[in-house]
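J.: Construct all of the structure, not just a fragment, from the sequences and the given hints.
All the letters of the sequence shown, read from the start, carry residue numbers 1 to 113 under the UniProt record's numbering.
Think of the hints as simulated: they come from the structure by calculation, not from any bench. These figures come from a predicted structure and were not determined experimentally. Incorrect hints may have been included.
Stated by the list, open to error - Computed spacing ranges between beta-carbons, pair by pair: (1) Arg104 x Ala64: 25 to 33 Å; (2) Glu38 x Glu80: 55 to 63 Å; (3) Ala60 x Glu80: 28 to 36 Å; (4) Arg105 x Leu61: 30 to 38 Å; (5) Asn88 x Lys43: 30 to 38 Å.
Cβ coordinates follow ideal geometry from the N, Cα and C atoms, glycine included.
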Amino acid sequence: MNTDATATNGTPTSPDGLEHEIERTREDLVGTVDAIVERVHPKEVADRNAEQLKRDAQRALEQAQEQASDLQDRASTFVEENPDRAKNYAIGAGLVLALLFLRRRRRRTRTDG
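T.: Spelled out as structure tokens, the structure:
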């Protein structure tokens, strides 16, 4: 027979030992429940989501800036290597924009008058 106040598996067998083990388990459980409550609290969830959105937006901004820089480099290279074609494209784009502007202006005058 074991004369200790603890069984061979480490579980206390004395009333005081059991009470101490129950109290320690209760404190552990309270800590776990508090952590769960904090984790699922709406403000905490909203804060985490807001932080994730900020990180995602920052990452998207960085990608867009990289792509814009790449496009600018490619356009500059194209213009340097093909000045006549670039000039023709610019004139064509200007004409398209002018036609769109005139068309829109014409529609406004019809609806206003």
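J.: Each hint: holds or not?
T.: Hint by hint, here is what the structure shows:
At about 28 Å, the beta-carbon gap between Arg104 and Ala64 stays in the expected band of 25 to 33 Å. A hinted range of 55 to 63 Å for the beta carbons of Glu38 and Glu80 is consistent with their spacing of about 59 Å. Distance hint for Ala60 and Glu80: a CB-CB separation of about 30 Å, consistent with the stated range 28 to 36 Å. In this structure the supplied range 30 to 38 Å holds for Arg105 paired with Leu61, their Cβ-Cβ distance being about 35 Å.
In this structure the hint that Asn88 and Lys43 lie 30 to 38 Å apart at CB is violated, the actual value being about 59 Å.
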